[in-house]
Structure formats: structure tokens, C-alpha cells
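Chemist: If you read the protein sequences in the order shown, they are chains X and G. Using our numbering, read the first sequence as starting at 2 and increasing by one per residue. Using our numbering, read the second sequence as starting at 33 and increasing by one per residue.
Since the hints were made in silico from the structure, they are not lab data. No experiment lies behind these values; they were computed from the predicted model shown. Keep in mind that a hint or two might mislead.
[As the list claims (entries may be wrong)] One side only, chain X facing chain G, incomplete, derived with CB under 10 Å: (1) Pro73; (2) Leu75; (3) Glu77; (4) Glu126; (5) Ser158; (6) Thr162; (7) Thr184; (8) Gly208; (9) Leu209.
For each residue, glycine too, the CB sits at the ideal point set by N, CA and C.
Residue strings, one per chain:
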Amino acid sequence: MTPRTSVSARSFIIGSLATVLTLTACGNSTQPQSASPTVSVSASATATPSPSPTAVYRPADAKGKAENVPVPVLPEAAKTNSKEGVEAFARYWFQALSYAYETGDTSAIKRTTGPNCVFCNGLQESIGQSWADGKWIVGGRIETPVVAGKPGTGPESRQATVQVIQQQIEIRKADGTLYQEATDASNSGSQLVATFNSDGWMVTDLGLIR
Amino acid sequence: MRTVRDLLIGSLVFLSWVGSAASANAESTEPPITIGFRKSGVSLGSENWIRDPQSGEIVRAPLNHVSDDPNQYKAELQCQVDDNALDKKCLPGQVRCPPREPGEKPGTPVIWKVAPKAVSNPTWTDWKSGNNGPSCLYDQKPEDVLPRIAARIESDFRNLPVKAADLAAQPSPHTLKGAETNIFANAVEQQFDVTILGQRVHIVATPVEYTYGYGDGNSLGPTPFAGGPLPEAEWGQKTRTSHVYQQTGDFQVSVTTTFRGTYSVNGGPNMRIPGTGQFASPSQRVSVWRSITRNYADNCIVNPRGEGCPGVP
């Protein structure tokens, strides 16, 4: 009986912590969040015209855009032509996509995407539409808990299977009202094809695994 | 002239705006945006990928690939603290499952989880139910009622009173030897609400393939094509499901429709039923006749004793 009691107690504590975190997030608290300790002020200045002096990440809500969204940095590991390299690049690319949803800035994914990726271009287009005319996106953050490079492919083209989990998306109009009904959160499998050249990796194709 | 045309265009725009505003969002004056990773991928019709059943590799889907549900689901008991032990004292504030009928026992709340099938060791996220309400299981041993349903759902599905396709032929009931006879099926999606092991199970049966027997030893399929009716002026044209009889006589035409199914337990996600169900339609008789065409130089006034004229054997 003792082990089970301790498990219940632990679950309860975790539950309480989660509640506290949720509350601070909802209340637009200025407390720093442990998830974003490495915000670069110079980099975020390109994304948001007036970063707050403390440069604390604040997700978007019905009142305003996200602030000080951490700018994804291409890791060294993503600069090699290997299975590990394409995995690191895929993780980076989806961070850049997540950044585009949260900020409307698609320049990082544009830089690392080839012209013939239909899905990639469609994603950029819809993000552009969602940020036009003073609109902004609430939610839309992407996480990729599983990234698995396909072994044995290459040398110039490699593939990775990526689990893409995205938060619910609301598009808010300039006056803060909803532009349309929110898009549900999603959890999907996708396949990314990238080619490696002197400039590094570039996404050449992307599709959902159906 | 130009003003009139502009005015007309203006009116058209206004009309379409009224239409979309009424259906979608009373405030919106702009078209809906397809936003989100999965939604964009589905709507763009970007090339899809599948897990190859033979090699297990992720490969490009063939052109004729019919998308199945890419997700897998599981239900977690809300009061579960580890895989084996059930804590009867659940945390306060959780969803309650009141008895469905007075005098019955209350149910056990469950949280449905979803993850993509194609990803190994995926992260599971909460599945969002249509009504956002609780999902409940009503059983003495709620932890294994879903596996028990999963084990029998395939045979339960095959025994459902699924209405088989309506079968028709053009021309009918008489057709001609050597001509294209258009034979087609009409099957519809059907929904069933049944009780399995005390749970309310909603089943959707969808026709996916057809196997035609033409009654003269020839058959077609299984094919995804149900075929369809032709306007009378086009009878005799070849269609995807038409057949040419080489003999005269009466033939029994038949079609067997293959249905796929999904099932949902007590409002949970629609899960694929393994396998398929075959449902045969009653056969239809087609009489195949021959036609003979002869040309004559005279009519019956010029040559009253000619072949085919009245009174001539």
C-alpha cells in the first residue's frame, strides 16, 4: 500500500505545480518562464520592434501578440550530411515553423526551404494571411517529440519522420476578436525530405503520413 | 455600359458575402484561412506518405491510395495511478460518470489519447471529443472492456444488417448481344447504434469496393467503381462497369459490396474495424436478345411479297 500512496501523493504535487504554471501563464505574469532562459535580445529585436527590457517570453493571447519569442538557432549538428544531421535540421526547421506561427516572420523557413515544396509554401502562405491587416495568431506552437532520420538514404537527399504536435490556433483580428473558429490542436506524423549542399540543408519535400 | 457591368459585379460580390457570413461568422467579411500544420497538409493535397506494410518504411503513397485514419487511440482510466493498480479514490474535480439508468452503477471516466500510427514510440495527446463531454465506460472491469470489444467488433460488424447495394442495368430487363450493357451498383454509408458488452457503440459502414458477377461466367472486381446510370441517349456506351454479352439468354447479374467500418465506444473516437464485411445484393435477371438488320431495295408497296411485309411468312 505504501508505494501506491506515495505515487498518488506525487501525482497530486505535480498536478498542483501544473495548475500554478497555468495560472501564471493565463494571468500575463511577467515572471520568467524556465522554458526560455536563452533569449537573445539582438535576435528578438528583428522580430518584435519593441522588446521589453527584460525580454521575457510571453505567449500571445486575445489582448496581444506573443512577445520575445525565442529565435531558433541552427545547431552545429544540423550542418553535417548525416542521419544525425538531417534529424537536427528537421528539429530546427519545425522550430522555425513554430516561430513563424507565433510571430508571422517566415524568413527562417523561407531560407531553408526549396521552391518546389508545395506543403511548405502553403504553410507560409496561410501564416502570411493570418498575420495580414493587423491580425495575429494565438497558440500554434509546434513541438517535435520524435524525429527519426531514415537510415541508408543519401548522399544528397535524406528523409526524416517527424511527429508534429501543434497547439490550437486562434486568429485574432486587430480589435482582438476572433477572425474565425479556432483550429483544433493536432498530433500528426510527417515525412520531411531534405537535400544537402554547400549552403547546408534545405527542405525539398514535406508530406503528412496518412 | 461599364457602369452597369460594375454594378452587376458589385451586386454579385455582395450576394456571396451575405452567403458566407450567414454560414460561418457573422462578423467576418474575409474568406476563411486554412491554418494549422495538419489542416494545411490535408487541404493542400500535398503528396501523402504511408508506412509500407511490407518493409515498414515510410514511402510515398501510390496515386490511388485511399487515406485510412492515420491515428491510433487508447483510453486511460482517469483514476489510474499505474499500469496495474486502480486507485478507487480518484482525485477531486475529475469528470463524473453518473449512472445511465436509475439503479445502475456509475461509470468510470476515461481520457482518450491520440497519436499518429506512423511514429514509433510517439507522444500521446488528449483526444478532443465532439461534445467535449466526459467519456465513460460502464463495466465491472473497465480496464479490459475496450480490448474485449476490439476482439469481437470485426465479427459483430459482419453480422450487422447492412443494406447491400441496389443493382441496376441499362437497358433492362432486355439487352442486346454484342452491345455494352451498363451494370451499376448504388450503395450508401450507413450508421448503426448497437450495445456491445453494455457499452453504446456507434458504427459507420462505408462501401469501398464492388465485385460484379455478370452471370455468363464473367466477373469484374473487386473494383472501387460502383458505376452509375447513363442518360438514355448514351445507352450502349462503354462504362467502367459495363459488360458485353456474347450469348443470348437469361443471365443472373449479381454484385457483392465490400464495406469498411469504424466504431466509437460511448462517444469516443471513431476507430477502424479490422477487416471488411461483404454484403451481397439480390441478383437481377438480364435477358440478352439478338438483333438482325437487313437492308431492302424496295418498300412493301413496290414489292408487297418482299420479306418482312404484312402477310409474308
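Chemist: Now tell me if each hint is right for this structure.
Modeler: Hints, one by one, checked against the model:
A hinted interface residue such as Pro73(X) counts as satisfied when its beta carbon comes closer than 10 Å to some beta carbon of chain G; here the least separation is about 16 Å, so the hint is violated. The restraint placing Leu75(X) at the interface with chain G is violated, with a minimum CB-CB distance near 21 Å, outside the 10 Å limit. Taking 10 Å as the C-beta contact cut-off toward chain G, the hint placing Glu77(X) at the interface is violated, the least distance being around 26 Å. At its closest, the beta carbon of Glu126(X) sits 9 Å from a beta carbon of chain G; the interface hint therefore holds under the 10 Å criterion.
Given hint, Ser158(X) at the interface with chain G, is violated; its Cβ is 13 Å from that chain's nearest Cβ, farther than 10 Å. Proximity of Thr162(X) to chain G holds as hinted, the smallest CB-CB distance being about 5 Å (cut-off 10 Å). A cut of 10 Å between beta carbons decides the hint on Thr184(X): the least distance to chain G is about 4 Å, and the hint holds. Checking Gly208(X) against chain G by beta carbon gives a least distance of about 5 Å; that is within 10 Å, so the hint holds.
Satisfaction of the interface hint for Leu209(X) is found here, the shortest Cβ-Cβ separation to chain G being roughly 4 Å, below the 10 Å cut-off.
The earlier numbered hints that this structure contradicts are 1, 2, 3 and 5.
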